Amino acid sequence: MHGSRLRRNFLTALLLGPAAAWLVVFLVLPFIAIAVFSVGERAPEGGYQAALTLAQYANLPARATAFWNTMVLAPVGALACLLVAYPVAYYLALQAPQRWRLILLALVVIPFWTSLLMRTYAWMYILGGRGIPALLAFIGIEDIRLINTPGAVLLGIVYGYLPLMILPIYVSLERLDRRLLEASADLGATPISTFLGVTLKLSLPGVMTGFSLVMILLLGEYLIPTLLGGGKVFFIGNALVDLFLQSRNWPFGSAIAITLVLVSVVVLIAANRISTRVSGARRVDLI
Amino acid sequence: MSKSYRDGLPISPENFVDQLMRLKRGSIGRRDFLGLTGLGIATAVMAREIGIMPTPAFAAENLGDRMSIATWPNYHDPATFENFKKDTGVAVEVNVFGSNEEMLAKLQAGASGWSLFVPTNYTISTYKKLAIIEPLEMAKLPNFDGSQEDPRFTSEGTIDGTTYAVPKNWGTTGFAVNTKKLTKPMTSWKEFWDTAMAEGDGRTMVHDYQLTTIGNALKYYGYSFNSLKQDELAKAEELLLKVKPHLFAVSSDYQPGMRAGDAWMTMCWTNDGAQLHRDIPEIAYVLGKEGGEIWTDFYAIPKDAPNKPAGYALLNYLMNPQIAVKEHLANGAPSTDARVNKLLPKEVLDNPILYPAADLLTPLEFGAAATLTDPGRAELMARFKSA
Chain R
1 MHGSRLRRNF
11 LTALLLGPAA
21 AWLVVFLVLP
31 FIAIAVFSVG
41 ERAPEGGYQA
51 ALTLAQYANL
61 PARATAFWNT
71 MVLAPVGALA
81 CLLVAYPVAY
91 YLALQAPQRW
101 RLILLALVVI
111 PFWTSLLMRT
121 YAWMYILGGR
131 GIPALLAFIG
141 IEDIRLINTP
151 GAVLLGIVYG
161 YLPLMILPIY
171 VSLERLDRRL
181 LEASADLGAT
191 PISTFLGVTL
201 KLSLPGVMTG
211 FSLVMILLLG
221 EYLIPTLLGG
231 GKVFFIGNAL
241 VDLFLQSRNW
251 PFGSAIAITL
261 VLVSVVVLIA
271 ANRISTRVSG
281 ARRVDLI
Chain B
1001 MSKSYRDGLP
1011 ISPENFVDQL
1021 MRLKRGSIGR
1031 RDFLGLTGLG
1041 IATAVMAREI
1051 GIMPTPAFAA
1061 ENLGDRMSIA
1071 TWPNYHDPAT
1081 FENFKKDTGV
1091 AVEVNVFGSN
1101 EEMLAKLQAG
1111 ASGWSLFVPT
1121 NYTISTYKKL
1131 AIIEPLEMAK
1141 LPNFDGSQED
1151 PRFTSEGTID
1161 GTTYAVPKNW
1171 GTTGFAVNTK
1181 KLTKPMTSWK
1191 EFWDTAMAEG
1201 DGRTMVHDYQ
1211 LTTIGNALKY
1221 YGYSFNSLKQ
1231 DELAKAEELL
1241 LKVKPHLFAV
1251 SSDYQPGMRA
1261 GDAWMTMCWT
1271 NDGAQLHRDI
1281 PEIAYVLGKE
1291 GGEIWTDFYA
1301 IPKDAPNKPA
1311 GYALLNYLMN
1321 PQIAVKEHLA
1331 NGAPSTDARV
1341 NKLLPKEVLD
1351 NPILYPAADL
1361 LTPLEFGAAA
1371 TLTDPGRAEL
1381 MARFKSA
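Sequences listed follow chains R and B, in order.
Counting in my numbering, the first sequence runs without a single skipped number right up to 287 at its last residue.
Counting in my numbering, the second sequence runs without a single skipped number right up to 1387 at its last residue.
It is possible that some hints are incorrect.
Under 7 Å between C-beta atoms, here's a sample of chain B residues computed to sit facing chain R [what the hints assert, rightly or not]:
id	residue
1	ALA1139
2	ASP1208
3	SER1251
4	GLN1255
5	THR1373
Covered by chain R, according to a simulated footprint, are these stretches of chain B (three or more residues, beta-carbon under 8 Å) [said to hold, decoys possible]:
id	region
6	1095–1107
7	1182–1194
8	1260–1271
9	1335–1346
Worth flagging that the hints you see were computed from the coordinates, not collected in a lab.
Keep in mind it's a predicted model, so treat the numbers as computed, not measured.
Note that the Cβ used here is the ideal one computed from N, Cα and C, for glycine as well.
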């Protein structure tokens, strides 16, 4: 008895060990280092110099615009993603023929096998002067500039993060009990009110998962706005890159990074709360 | 059937340039590039057949079999390193960097693993202050001849009589203009900034680099490129904030935009200007008559270099004018060494992009170490970018 429990504990530790070690080495230790940096000072030649001060945090307003831009980009980008992803997920889960479903799902996931940097670079050339504008000029529409516009950034974001939104919504729609839809129709509901009252409501956990997943990633996004937006709008991600690699003000960069992590945690908790309140409490199960 | 000389070539010139651009963007590695273009095989064959490579004077010293160099993208003739390996048995691993600050950060962190690297003039005093570069033993560099170097370009490599770095090549920071789109001739930074807000609206790029973007905004008012004065920087900031909404992009990767015709005008370094003009003749390179930046890239050896003998051997090899001339033909930047200039073809020396007239060079300033590390300028740049 005693021996088998010990053995089970040992087995648990053995199985959890690699993941735990990975988290400690690559998440906890760097986080502690950044927390220590954030109360330090910038050395005269750049880098970090030991100190115990909250000056870096007091200086946060100097990046207020970057925070504000990020707080706007993240929800707007996630919402745009959602609007495109929901019909796709709906079709995949409820309309697509069974034998096509797997192939279509694979098509959603396959672009992920290529790095986001490469795919965003490809968009630079598609939207650039020798891409779509050249085609438009061919049919007589001259001097259209697509690259380095807010529309290009939005397109890049929707394209880059779409699978992360489609998959959770697909999963929640796929589990939907079809009999609920029939019941709704039998009771005289129009297709629209069935969709709003049944389908949408029951898929909300998936929507919230996808939304918070995309939004958290967008809080740290800097690549797409730099490559497709021409670096003209400054996000927190851009501020961090500049502070670590250009002006090498590590303590200030660390203070911003810590603040960003805290904001992300708050967003996650809030999304979780909303998701449970809206749908979880009213979950209906027909056996 | 055509009888063009191109028939039977392993690769067309257009395809070669495409592969070169892919290499530059990092889409393919150097190895892939050499394979795709046939350069690797060509080099290997050439090096074996023609025994032109000089033997280093100290070949007796044990050089090991590998070393690593940190440098800039598209900055060397790949054949140089292949030949060096043939000569000495030392394989050279090339690390490519995007900015001096990244190089400094890596060296400061320690254990970079480099035995040679390519810092720009304004960083050398900082490296010396941080004691992370080696005073060079000139006896190990017999191919270097200080008397043949233009002192204007070499002075920052020597601090208090000790040489810490020897020059690779020099260049300028001006601007490139698509003269088909912006037909009014321009000669000054004042015209650059004014045009950006008028005919060049939505088509102008500035560097994502505080040294040059703030420096060239200061030139609008005739102030020093390196100014750290509060009132002068305030004026430059005012100009930058005014120009910001008219810009096409804030980015140091300006070749794609200029080549595609989306951007009509950009701040530009010599080698990029030469490459753009070579491929698209209507793109001109202009040096502002008020002045601006002149720069020299140097070779230096880190204090903690794991293979100093090989670092010295490669440096000495690169200082051989016969080798250096190929380097210059490959990367397009002008040389500091009179012996190399003698070997360069006339059309290179007459190219005003590479070797501008003396009266345009006179007002140019070297970037200063204090300019680069100044926190005030870093914050100004952040305000400009977030405006």
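Going through the hints against the structure:
1. Below 7 Å, beta-carbon pairs count as interface contacts, and B/ALA1139 has none with chain R, the closest being about 31 Å; its hint is therefore violated.
2. Hint on B/ASP1208 holds. Least Cβ distance to chain R is approximately 6 Å, under the 7 Å limit.
3. Taken as an interface hint, B/SER1251 checks out: its beta carbon lies about 5 Å from the nearest beta carbon of chain R, inside 7 Å.
4. Taken as an interface hint, B/GLN1255 does not check out: its beta carbon lies about 12 Å from the nearest beta carbon of chain R, beyond 7 Å.
5. The interface hint given for B/THR1373 is met, as the beta carbon of that residue sits about 6 Å from the closest beta carbon of chain R, less than 7 Å.
6. With a cut-off of 8 Å between beta carbons, the region 1095–1107 of chain B has 5 residues touching chain R; three or more are needed, and the interface restraint holds.
7. As drawn, the region 1182–1194 of chain B meets chain R at 0 residues by the rule of a beta-carbon pair under 8 Å; below three, the given contact is violated.
8. Counting residues of the region 1260–1271 of chain B whose CB falls under 8 Å from any CB of chain R gives 3; the rule of at least 3 is met.
9. Note: the region 1335–1346 of chain B has 0 residues with beta-carbon separation from chain R under 8 Å; the three-residue rule is not met and the coverage is violated.
Taken one by one, the earlier hints fail for this structure at numbers 1, 4, 7 and 9, listed in ascending order.
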